[in-house]
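Undergrad: Take a look at the letters that make up each chain.
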Amino acid sequence: MKKIGVTGGKGGTGKSTVSILLANKLRAKEKKVVLVDCDVECPNDYLLLGQTLEKPKGKVFAQFPKLDKEKCQKCGVCTKNCRSNAVFQPLGQYPIFIHELCSGCGLCWHLCPHQAIKVEKKIIGEIFENKVEDNFWLVTGRSIGVVDETGPIVTKTKDYALKLAKKIKAYYLLSDTSVGMHCGVIRALLGSDLAYAVTEPTPLGAHDLELILRLLKILKIPAKIILNQADLGKKEIVKRLAGETKTKIAHEIPYSNELVKKYSLGKLAEVNIL
Amino acid sequence: MKITIASGKGGVGKSMLASALAMLFAQKQKVVAVDADVDAPNLHLWLGEKEKWDKVEKISVSERAVIDQKKCTSCGRCVDICTFDALSINNSKLIINNYFCEGCGACEVVCPEKAIKMKPIKNAEIRIKKNVYGFPLISAQLYPGETGSGKIVDEIKRKAEEFKSEMMILDSPAGTGCPVIAALNGTDFAVLVTEPTPSGFSDLKRVLTIVEHFKIPYGVVINKYDINLEETKKIEKWALRQARGKLLGKIGYDQRIFQAIAQLKPILETDLPLKKEIQIIYDRLRRRLSL
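Chains as they are written, first to last, in the UniProt record's numbering: chain D, 1 to 274; chain A, 1 to 291.
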């Protein structure tokens, strides 16, 4: 199985569009493709594919501490050891756990000498599976409500997609990442054999492309560039960067009114890619 | 007062609008601009700045577990407590996956051999620049491969407070995760930018859950409104139905914006029609804020 990441750093450069065009291109060769939307904060691939997210196939949980006041001796061990400053204990009173700051690391309930801290599970994400067309599956991860740490949802979603891909004997696993280069993007890219960095011909696109190429180098993932809306702006900026970093521009997608129009309707125009 | 520009979806025009609003507010008030998109900061480019900063400062916002292999007996207690799957034992050797380590320190506490130490890491740098429009821009860059965006945003907000400005304009990153939450937390008003596409609208509603969680008043701006008038109508109708959410304005799609940014020309320095549209948004925003 070949694992390909689609990323870019900057938002709105066309990661989702390229992911879907790529998936369509690859599946046309009679090879099974699993596309996994790792943008769990704002997943959009399903919208572009005219799918709905109905029954989740998997759930992602986070753990939080919950105090058992009958057992708590107010000894302060939990307060002293928490590195996230998520335990607040007024002098001589019960500790208070602040969910917004808690990383769910489990140290407090592990260390509590009186077993007074229980573990409360809270659902933070869901995983969906759609069979889109022949040889084409979509796996989507989506966070629920206000979730600070979305990285674990990305990892669980990717794990699910990997299992599915193995089960159906898929030939390609495509990971569409979110914007930026934070932990969610890193988790989505880890283990990829190749990554396409989608960018636009502006100083903004080039600025963020340079960062993402540096990240891919650190992660030891070979990179290629896809230049979207290639005929707008200044192409030379991206070309220069490609030369300096010895990264190949694999494909240029020209600006197309039809593509923008269809995209605005939640559809994709047929564009030949790669 | 603090105003955050957010959107959920990337590339819908947050930084473009944030730069223009900061410039407009700066004509009447003491402004500080904050680029909270620490992963991929672009606000300086929209303000016409090349990367010549007045001040650059490396910061450390988190720690990471470091193993002393000489002391480690591979007992596995750290592996059991780590809820982030950052530790594993391979061929009786303890291995750490740095990308998964959240720096919680649980492993350090449970290790009976004192073989794990938490060490601070340099995750980012903070950059400050006073621009030609007379106000400072506080920006930060998360180093590639590092984590902790949310805490970096907290840090640059603290830095920005030091300028004691009347108006702080925060340019939020895309998404709804920790840096977005950090940017929105404690803001007085949120400007939510969207575009008339199913993705833009869906992501607008997703970021709104964060805005509503913090009970922040907000207004909506539809960028590139004319690429799909029907979807624009849908968003306008929806915005009207929201009790506190009123439409602040619309901005038309203009390909020439690509040329402007290619030359690092701030929007307000061009003759493009969207200049007027942004002025209207700014005027409405001032009224909403009773300024």
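Simulated from the structure, these hints should not be mistaken for lab results.
All C-beta atoms, glycine included, are put in the ideal place defined by N, C-alpha and C.
Treat the hints with care, since some could be wrong.
[To be verified] Which stretches of chain A does chain D cover? Using the computed rule of at least three CB atoms under 8 Å from a CB of chain D, they are: (1) 6-12; (2) 120-130; (3) 199-205.
Undergrad: Each of the hints needs a verdict: does it hold here or not?
TA: Verification of the supplied hints:
Coverage of a stretch by a chain is defined here by at least three residues with a beta carbon nearer than 8 Å to that chain's beta carbons; for the region 6-12 of chain A and chain D the count is 5, and the condition holds. Under a criterion of three residues with beta carbons nearer than 8 Å to beta carbons of chain D, the stated coverage of the region 120-130 of chain A fails, only 0 such residues being counted. Restraint check on the region 199-205 of chain A versus chain D: 3 residues with Cβ-Cβ distances below 8 Å, three needed, restraint holds.
In this structure, the one hint that does not hold is number 2.
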